[in-house]
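J.: Each chain is listed here by its residues.
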Amino acid sequence: MSKRYVMVHDENKCIGCQACNIACRSENEVPEGVTRLQVRVEGPFGEAPNLHFKYHRVSCQQCEDAPCVSVCPTGAAYIDENGLVSIHNDKCVGCMYCVAACPYKVRFMNPITKAADKCNFCKDTRLARGEQPACVTACPTDALYFGDANDSKSEVAQLLNTKITYQDKTHLGTKPRVYRVPTKRGGIES
Amino acid sequence: MNNIWGDMAQYDPVTWNWVIAVYLFMAGLSAGSVLIGIGMRWYSKGGNIETSILKASAIIGPVAISLGLACLVFDLTKPFHFWLILVNYNFTSVMAIGVLALLAYSPLGIAYALIVLRDDLPKWKLGLLAPIGHMLLPMRKVIEILLFVLAIGVGAYTGFLISAMNAYPMLNTAVLPALFLASGLSAGAAGNLIVALTCFNSSPHDNDVAKMHSLDLPVIVSEMMFLVMLFSTLYFTGGAAAEALASLSTDIWASVFWIGVVGIGFIVPILSMFLPANARHTKAIMISVACCSLTGVLALRHFIIYAGQGYIS
Numbered sequence: 231m232s233k234r235y236v237m238v239h240d241e242n243k244c245i246g247c248q249a250c251n252i253a254c255r256s257e258n259e260v261p262e263g264v265t266r267l268q269v270r271v272e273g274p275f276g277e278a279p280n281l282h283f284k285y286h287r288v289s290c291q292q293c294e295d296a297p298c299v300s301v302c303p304t305g306a307a308y309i310d311e312n313g314l315v316s317i318h319n320d321k322c323v324g325c326m327y328c329v330a331a332c333p334y335k336v337r338f339m340n341p342i343t344k345a346a347d348k349c350n351f352c353k354d355t356r357l358a359r360g361e362q363p364a365c366v367t368a369c370p371t372d373a374l375y376f377g378d379a380n381d382s383k384s385e386v387a388q389l390l391n392t393k394i395t396y397q398d399k400t401h402l403g404t405k406p407r408v409y410r411v412p413t414k415r416g417g418i419e420s
Numbered sequence: 218m219n220n221i222w223g224d225m226a227q228y229d230p231v232t233w234n235w236v237i238a239v240y241l242f243m244a245g246l247s248a249g250s251v252l253i254g255i256g257m258r259w260y261s262k263g264g265n266i267e268t269s270i271l272k273a274s275a276i277i278g279p280v281a282i283s284l285g286l287a288c289l290v291f292d293l294t295k296p297f298h299f300w301l302i303l304v305n306y307n308f309t310s311v312m313a314i315g316v317l318a319l320l321a322y323s324p325l326g327i328a329y330a331l332i333v334l335r336d337d338l339p340k341w342k343l344g345l346l347a348p349i350g351h352m353l354l355p356m357r358k359v360i361e362i363l364l365f366v367l368a369i370g371v372g373a374y375t376g377f378l379i380s381a382m383n384a385y386p387m388l389n390t391a392v393l394p395a396l397f398l399a400s401g402l403s404a405g406a407a408g409n410l411i412v413a414l415t416c417f418n419s420s421p422h423d424n425d426v427a428k429m430h431s432l433d434l435p436v437i438v439s440e441m442m443f444l445v446m447l448f449s450t451l452y453f454t455g456g457a458a459a460e461a462l463a464s465l466s467t468d469i470w471a472s473v474f475w476i477g478v479v480g481i482g483f484i485v486p487i488l489s490m491f492l493p494a495n496a497r498h499t500k501a502i503m504i505s506v507a508c509c510s511l512t513g514v515l516a517l518r519h520f521i522i523y524a525g526q527g528y529i530s
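Respectively, the protein sequence lines represent chains A and B. When we follow our numbering, the leftmost residue of the first sequence carries the number 231, and every step to the right adds one. When we follow our numbering, the leftmost residue of the second sequence carries the number 218, and every step to the right adds one.
These aren't lab readings, by the way, just hints derived from the structure by calculation. Certain hints may be false.
Unchecked claim - A partial selection of chain B residues facing chain A, derived with a Cβ cut-off under 7 Å:
no.: 1; residue: N219
no.: 2; residue: G223
no.: 3; residue: N234
no.: 4; residue: S261
no.: 5; residue: V290
no.: 6; residue: L293
no.: 7; residue: K295
no.: 8; residue: F299
no.: 9; residue: A384
Said to hold, decoys possible - Cross-link-like lysine-lysine pairs, in silico, BS3-like; alpha carbons within 27 Å at most:
no.: 10; chain 1: A; residue 1: K399; chain 2: A; residue 2: K233
no.: 11; chain 1: A; residue 1: K335; chain 2: A; residue 2: K405
no.: 12; chain 1: B; residue 1: K295; chain 2: A; residue 2: K344
no.: 13; chain 1: A; residue 1: K353; chain 2: A; residue 2: K405
no.: 14; chain 1: A; residue 1: K321; chain 2: A; residue 2: K344
no.: 15; chain 1: A; residue 1: K243; chain 2: A; residue 2: K405
no.: 16; chain 1: A; residue 1: K393; chain 2: A; residue 2: K321
no.: 17; chain 1: B; residue 1: K295; chain 2: A; residue 2: K321
no.: 18; chain 1: B; residue 1: K295; chain 2: A; residue 2: K353
no.: 19; chain 1: A; residue 1: K383; chain 2: A; residue 2: K405
no.: 20; chain 1: B; residue 1: K295; chain 2: A; residue 2: K335
no.: 21; chain 1: A; residue 1: K353; chain 2: A; residue 2: K321
Just so you know, even glycine gets a beta-carbon here, dropped at the ideal spot from N, CA and C.
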């Protein structure tokens with residue numbers, strides 16, 4: 231059966247420490263000034279002393295119906311055999327159509343390769359070695375889950391079956407594969 | 218306060234800047250100029266007598282599109298790899314389809330210019346190219362029809378290019394290609410007029426000039442209608458789309474819209490129609506009004522690019 235890699239971000243467990251952000255930069259050699267992954271800290275919400283923050287992961291949503299892939303004129307942005315939205319650096323001319331078309335604004339031009347860049351779930355490095363993406367491994371509170379949702383025994387499949395989750399901007403029809411477990415104290419805003 | 222998650226510069230929703238706005242303007246100008254030049258030739262059954270308007274459009278067509286394409290190529294992060302876009306095609310991408318259209322449109326525009334200007338080329342020390350113009354003359358009808366159809370495609374394509382991005386409510390509307398085609402006609406008529414009057418010694422009283430001038434009002438009125446449709450679509454859609462209406466009242470782009478697009482681009486040309494006939498038909502007034510139209514179209518492209526990307530759903 232084909233794979234359906236998904237990531238789940240549990241916003242209750244997240245503390246916004248950016249360990250994932252740093253691990254990603256190190257693993258994928260992301261240059262200074264640009265980033266594949268950020269966790270935005272929003273808030274504080276509520277009244278003192280009962281304050282809380284919300285944590286929002288900003289990275290490629292690995293859309294099943296990816297706008298960046300359909301607008302790319304050369305086919306540099308493509309879906310690989312495992313369904314992951316990927317980039318052929320040598321086919322990219324740098325027209326930035328994908329950067330403009332991405333509703334999540336998570337694509338950027340890599341200042342070194344001059345090609346479009348973004349999170350690919352570490353598919354060339356850690357995933358190829360059978361490991362979990364760097365952000366998942368580095369997370370000190372285990373707020374991130376990664377796996378094949380088509381495998382009903384996988385942790386992510388069971389998580390999606392038992393927890394309430396939401397995805398960003400589903401109204402645009404992109405079918406994002408980053409799911410979020412909403413923080414119990416805050417409302418859902420996407 | 219500093220945030221802890223790092224640099225936010227890459228998250229600016231305005232990805233495409235003024236270079237792309239200038240390209241959209243140049244493509245519209247080129248297409249509009251060619252459509253008017255060829256359309257008027259068919260309408261007045263010109264035969265092989267080249268009018269100054271047609272000569273003007275034969276120059277503007279290829280020159281404007283070449284300048285526009287130069288903008289486009291140097292805006293790439295890898296300008297010297299632009300050939301990659303000519304050999305790899307993804308047909309779900311409007312840009313790839315546009316590349317194909319431009320690949321046919323640009324050389325045909327040059328071929329048509331050589332045909333129309335065959336007797337003028339020796340005057341500009343380009344006599345070397347005149348035999349090619351004469352050689353292509355028998356194929357004139359085919360080239361003309363193809364060029365006309367492709368010009369409609371190029372004029373509308375720039376609108377489809379940006380309306381394909383559904384994250385931007387102001388851009389993601391069906392009316393944008395029509396608006397760009399109409400404003401391209403506006404720019405084309407103005408460009409043709411300026412070149413015909415300054416380079417080909419055309420007189421403001423020429424039949425052709427007067428006929429082209431009579432197109433101004435219907436084109437401006439249709440542009441206004443398309444803009445009303447655009448903004449009412451945003452209003453009726455509601456939500457993030459309705460928020461984009463703030464572009465009409467906030468920021469520098471509201472001024473660009475009201476002063477540049479509406480004031481200079483629409484109101485000045487309309488008011489000029491109320492001038493007494495002898496003033497209206499002087500070269501100076503005609504050229505000034507045409508420059509206002511061009512400024513208005515350039516302002517419209519900037520407004521759509523910047524304000525359009527500024528509101529994301």
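J.: Determine which of the earlier numbered hints do not hold for this structure and return their numbers in increasing order.
T.: Hint check: 1, 3, 4, 5, 16 fail, others pass.
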